[in-house]
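Trainee: So you can see what is in the structure, the chains are spelled out below.
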Amino acid sequence: MPTSAAAARSNRAAPRDGETSAEAVARHVRKLIFDGRLKAGQRLPQDEIARAVGVSRIPVREAIISLEREGWLRVENHRGAFVYPLDAKAVADRFALYGRFYGFAARRAVERMTPEGGEALAELAAEVARAKSAAAVERANARYLGKVVSIAASSRLSAVLRSMPPIVPGNFFAVVKPSAAIQKRGIAAMQAAIAAGDTGTAERASVEMQTEQAEAVIEMMTLRRQADPDA
Amino acid sequence: MVQAQGREGEHGGVRGAVQDAHDQGLPHRRVDLRAQPIDDRLPLAVVVIPVSHSATEPFERRHPDARLKIVYILALEGQQALPPSGGQPGRLGYCMRMAKTSAEDRPAARAERPGRPRLRRESSADQVAGHVRQLIMDGELRKGDRLRQDEIADELGVSRIPVREAIIALDREGWVSFEANRGAFVTGLEVDDIRDHYELRGLVFGLAAKRVAESATDEELADLAARYAAMRKAADVGTFSSLNERFLGRLLRISDSPRLRAALLVTPSIIPERFFDVVPAGRPIQEKGIGQLVRHLKARRGDDADQAMRATLRKQGEAVVAAFGESGLLVNRPS
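Chains A and B, in that order, are what the protein sequence lines are. Just so we're aligned, residue 0 is where the first sequence starts under numbering that gives the first Met the number 0, counting upward by one. Just so we're aligned, residue 0 is where the second sequence starts under numbering that gives the first Met the number 0, counting upward by one.
Bear in mind the hints are in silico, worked out from the structure with no lab data behind them. Small disclaimer: the values here were computed from a predicted structure and weren't measured. We treat Cβ as the ideally placed atom computed from N, Cα and C, and that holds for glycine. Each hint should be verified, as a subset may be incorrect.
[Claimed, not checked] Computed cross-link-like contacts, BS3-like style, restricted to lysine-lysine with a CA-CA straight-line distance of at most 30 Å:
1. B:Lys314 <-> B:Lys287
2. A:Lys38 <-> A:Lys131
3. B:Lys297 <-> A:Lys146
4. A:Lys146 <-> B:Lys314
5. A:Lys146 <-> A:Lys38
6. A:Lys88 <-> A:Lys30
7. B:Lys287 <-> B:Lys297
8. A:Lys88 <-> B:Lys297
[Stated by the list, open to error] Looking from chain B toward chain A, a few residues come up when the C-beta cut is under 10 Å (computed):
9. Lys209
10. Thr216
11. Ile253
12. Arg258
13. Val320
All chains, full assembly: derive it from the sequences and hints.
Mentor: In C-alpha cells form, the structure reads like this:
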C-alpha cells in the first residue's frame, strides 16, 4: 500500500526502528501532553491517535496500560482514559523520583563496585565532561548513568527506571537549554562521591541535580505555553 | 480479584456475601471503609475473595440483588496485608481515584438505581496478569522461565490480546522482562530484590511524606493522627492491616500526586497475602514507624518525615528477608 507507506515515512509519530507500535503511541501521547495539546482531564481520543501514528487500536490499548502505570493517565472502565495534568508539581515529582532512584543506584554501585567498574565509570564521567553538542551530552550521559545502574545490579531498580520514560520529548539536552551544564556539574559531583565511596554525598548530588533540572523544565514549559495560547 | 461490596442492611449485601463465602469455604476478609464515607453511593464495606478460586463466578451470580460493586482493593505492598492471590498490586491508587471521582464528578443522572446491581468485571488482561503472578509466587514459574503466550491463552480460554496486555503490565511491574525479539521471561526473587524493593518504595513513600509535611492542611494532619491512634488500638492483625492500608492510602491522596502513585504501581507485590500475619515482626515496626512519621508531620518536619518512612520500609524489608529467608522461596545472589 504505497500511499500509507509513504505517509508513514513522513510521519514523525510513526513507529521507528526498534520501537513497537505501542511504544510509538506512548511516545506520541507523552508529546501531546507535554506540548499541552492534550489537556488535563481531557479524554484520550483513541481513534485519532491511532490514525496519527498509523496503527490499529490494539497498540493504542497497550500504550494506555503503560501510560497509566507511568502516571500520565487514569483509566475508567468503559469510559476511556483521561489525562493527568503535567503541571509544575508533576514535573517536580518526576524529577524528584529520578533524583532518588539514581541516588539509590549510586549507593548500590558503591556497595557493589569492582576495580574494572570503577575505571569504566571514571572514563564515562570524563566523556560527559568533554561532550560539547547536545547530542554528545545525551549519549555520554546515558552511558554514564547506564553504567552506574549496571554496576548497581538491581533488577528492581532497573524495572522501576524502565517504567519512567522521559517527560520531555526528543533530546532533553537540546530542548531544555540550561540542562547540559546542570547535568555535567551534577555528574561530576556524583562521580567524585562514588569514587570516594561516599554514598551520602552521591545521593545528595543526584537529588540536587534533578531538582535543578526540574526547575529548568518548569521554566521552559511555562515560557512555551505562554508563547502558544492554543496550548 | 473479586471483591463484593454492598451496603450493610440492604438485602444483607455484605453480610450475605460474607456468609456465603464462609459457607463455600472461600477464604475472605472483610474490610470496613465505614470510617470514610465519601458519598452515599460508595460502599461501606468490602468483602475480599481471591479470584483464583473457581467458585467466585457462581458466587457473583448468587448475589445479583445485593448492590454488589466490584471494586479493586489494593494493598500497598509491604505495609499491610496484600491482596489475595491474583490481586493486582497497586490498585489502591485506582480505587481511591474512583472514590474521589465518584464523589466529585458523577452526575446525578448516573446514580445507581436502588436494587439494580452494577458489576464491574476485572478485565481479561487483569485476570491473566493475576494468574501469572500467582504461578510465579507459587514457584511454578521460576526465574528465567519463558512465558508461553499461546499456552497461557489456551489455559485461560482467552485470546492472545489480553495475554499480551498482561505481559506489558507485568513487565512494567517487574515480574517479567519483555523484549520484542525474545519474548517474556520471569525475573525471579532474590534476597537483594526484596531489600531493593523496600528501599525503592521507601524512597517514594518518603517523598510523599515530605510533600504532605509541607503542604497538608492541619485538618488533614489531624485526620492522619487519628487514624494512627486507631491503628494502635487495633485488636487483631486483620483490623490493623486494613487501618494501615487506609492510612497509607490517605497519605498518598493528600500528597496528591499521580506520579508518585504510579511509581508505587510498578513496584510489584512480592509477598503473598496477609503481610502482617506472615511477618509478625511487621506490626511493631509499622506502629513505631508511623508514630514517628505522624510526629514529624505534625511538626512540619519534611526531611524527618521522609527519613522515618525510609527507615520503616527498610526495616520491613529486613523483616521479610528474615521471615522468608529460611523458606527456600528466596534465592541468594551468588557472590
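Trainee: Quick check on the hint: arginine 258 of chain B CB to chain A CB, less than 10 Å?
Mentor: holds (4 Å)
Trainee: Is the straight-line distance between the alpha-carbon of lysine 88 of chain A and that of lysine 30 of chain A 30 Å or less?
Mentor: Given that 30 Å is the threshold and the Cα spacing comes to 18 Å, the pair holds.
Trainee: Holds or violated: are the alpha carbons of lysine 146 of chain A and lysine 314 of chain B at most 30 Å from each other?
Mentor: holds (29 Å)
Trainee: Hinted pair, alpha-carbon criterion (30 Å max): lysine 38 of chain A, lysine 131 of chain A. Please report holds or violated.
Mentor: violated (36 Å)
Trainee: With the threshold set at 30 Å, check whether the alpha-carbon distance from lysine 88 of chain A to lysine 297 of chain B stays at or below it.
Mentor: It holds: about 22 Å lies between the C-alpha atoms, which stays within 30 Å.
Trainee: Interface hint check: threonine 216 of chain B, Cβ to nearest Cβ on chain A, cutoff 10 Å. Holds or violated?
Mentor: Violated, because the Cβ-Cβ distance from threonine 216 of chain B to chain A comes to roughly 16 Å (cut-off 10 Å).
Trainee: Is the straight-line distance between the alpha-carbon of lysine 314 of chain B and that of lysine 287 of chain B 30 Å or less?
Mentor: holds (11 Å)
Trainee: Do the alpha carbons of lysine 287 of chain B and lysine 297 of chain B lie within 30 Å of each other, as the hint requires?
Mentor: Given that 30 Å is the threshold and the Cα spacing comes to 16 Å, the pair holds.
Trainee: Is the hinted pair lysine 297 of chain B and lysine 146 of chain A satisfied, with a Cα-Cα distance of at most 30 Å?
Mentor: violated (41 Å)
Trainee: Under 10 Å is the threshold here; is the Cβ of isoleucine 253 of chain B close enough to any Cβ of chain A for the hint to stand?
Mentor: violated (13 Å)
Trainee: Going straight from one Cα to the other, do lysine 146 of chain A and lysine 38 of chain A come out at no more than 30 Å?
Mentor: violated (36 Å)
Trainee: Tell me if valine 320 of chain B is really an interface residue toward chain A, meaning its C-beta lies closer than 10 Å to one of theirs.
Mentor: violated (14 Å)
Hint violations for this structure: numbers 2, 3, 5, 10, 11 and 13, all remaining hints satisfied.
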